[in-house]
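> Sequence:
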Amino acid sequence: MTSVRFVFPKVRLAELIKTPGGLTVAEALERAQDNLDTLKPTCVAELTALLEFAEAALDRLDPAFDDAGLADLYAIAVRGIGAGAVCGLPAADEALGSLCDLVDHLRTGGAYDRAAVGVHVQSWRLLMNPDLPSEAARLMLDGLRKVSARYAA
Numbered sequence: 000m001t002s003v004r005f006v007f008p009k010v011r012l013a014e015l016i017k018t019p020g021g022l023t024v025a026e027a028l029e030r031a032q033d034n035l036d037t038l039k040p041t042c043v044a045e046l047t048a049l050l051e052f053a054e055a056a057l058d059r060l061d062p063a064f065d066d067a068g069l070a071d072l073y074a075i076a077v078r079g080i081g082a083g084a085v086c087g088l089p090a091a092d093e094a095l096g097s098l099c100d101l102v103d104h105l106r107t108g109g110a111y112d113r114a115a116v117g118v119h120v121q122s123w124r125l126l127m128n129p130d131l132p133s134e135a136a137r138l139m140l141d142g143l144r145k146v147s148a149r150y151a152a
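In numbering that gives the first Met the number 0, the protein residues as written are 0 to 152.
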């Protein structure tokens, strides 16, 4: 007769997790922020390059409904979401989100408002200014949300 023997190996990761020591949460956050600070100049350059692509795509938009052009703008804007937080420009992220919402609403509803898209891209440029007062940024973002909401229905 054979007997079955169950062997449960010790998992090294579980042991490490239970072992006290290592970085405190505050130290880990400080190190993470230091790492993000080193990425900041590169991130600003990337976000600026995306903005320039968006401005060029806006210039190429047809006066009539341009689904392909709107799709290009959406692809550019969605790539930049999240970079603003790393760059210290969180308002730029909100503007990009609003631009994506607007383009999505326009494409889904078959509507077209080139001026509304242009306002979003121009606002993105203004919100890239780190010296912009927070109240001005808030008012601008409120206006962009209203423009996007207009086409949501």
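Treat the hints with care, as some may be off.
Unchecked claim - Across the chosen pairs, the derived CB separations fall in these ranges:
no., residue 1, residue 2, range
1, Pro8, Glu51, 54 to 60 Å
2, Thr41, Leu125, 17 to 23 Å
3, Ile16, Pro132, 32 to 38 Å
4, Glu26, Ala63, 54 to 60 Å
5, Leu12, Gly117, 48 to 54 Å
6, Glu51, Gly81, 16 to 22 Å
7, Phe7, Thr37, 42 to 48 Å
8, Thr47, Ile16, 55 to 61 Å
Said to hold, decoys possible - 16 Å max Cα-Cα, derived EDC-like pairs, lysine to aspartate or glutamate:
no., residue 1, residue 2
9, Lys145, Asp112
10, Lys145, Asp71
11, Lys145, Asp65
12, Lys17, Asp65
13, Lys39, Asp92
What the hints contain is simulated information worked out from the structure, not anything from laboratory work.
Here the structure is a predicted model, which means the values were calculated and not measured.
Note that beta-carbon positions come from the ideal geometry of N, C-alpha and C, so glycine has one too.
> Using the Cβ atoms, figure out if phenylalanine 7 sits within 42 to 48 Å of threonine 37.
With Cβ atoms ~44 Å apart, the hint holds.
> Next pair to validate is lysine 145 with aspartate 112; report whether the Cα-Cα distance is within 16 Å.
Distance of about 14 Å is within 16 Å: holds.
> Quick one, are lysine 39 and aspartate 92 close enough, alpha carbons at most 16 Å?
Holds, at roughly 15 Å.
> Is 32 to 38 Å a correct range for the gap between the Cβ atoms of isoleucine 16 and proline 132?
Since the Cβ atoms of isoleucine 16 and proline 132 sit about 46 Å apart, the hinted range of 32 to 38 Å is violated.
> Would the hint linking lysine 145 and aspartate 65 be met if the CA-CA limit is 16 Å?
violated (22 Å)
> Verify the CB-CB distance for threonine 41 and leucine 125 against the hinted window 17 to 23 Å.
With a Cβ separation near 22 Å, threonine 41 and leucine 125 satisfy 17 to 23 Å, so the hint holds.
> Lying within 55 to 61 Å: is that true of the beta-carbon distance threonine 47 to isoleucine 16?
violated (42 Å)
> Given the hinted pair lysine 145 and aspartate 71, is their alpha-carbon gap at most 16 Å?
violated (23 Å)
> For the pair supplied as a hint, lysine 17 and aspartate 65, is the alpha-carbon distance within the 16 Å limit?
violated (58 Å)
> That 48 to 54 Å hint for leucine 12 and glycine 117 (C-beta), does it hold up?
holds (52 Å)
> Do glutamate 51 and glycine 81 keep their Cβ atoms within the hinted range of 16 to 22 Å?
holds (19 Å)
> At the C-beta level, are proline 8 and glutamate 51 separated by a distance inside 54 to 60 Å?
For glutamate 51 against proline 8, whose Cβ atoms are near 55 Å apart, the range 54 to 60 Å holds.
When held up to the earlier numbered hints, the structure conflicts with 3, 8, 10, 11 and 12 and fits the remainder.
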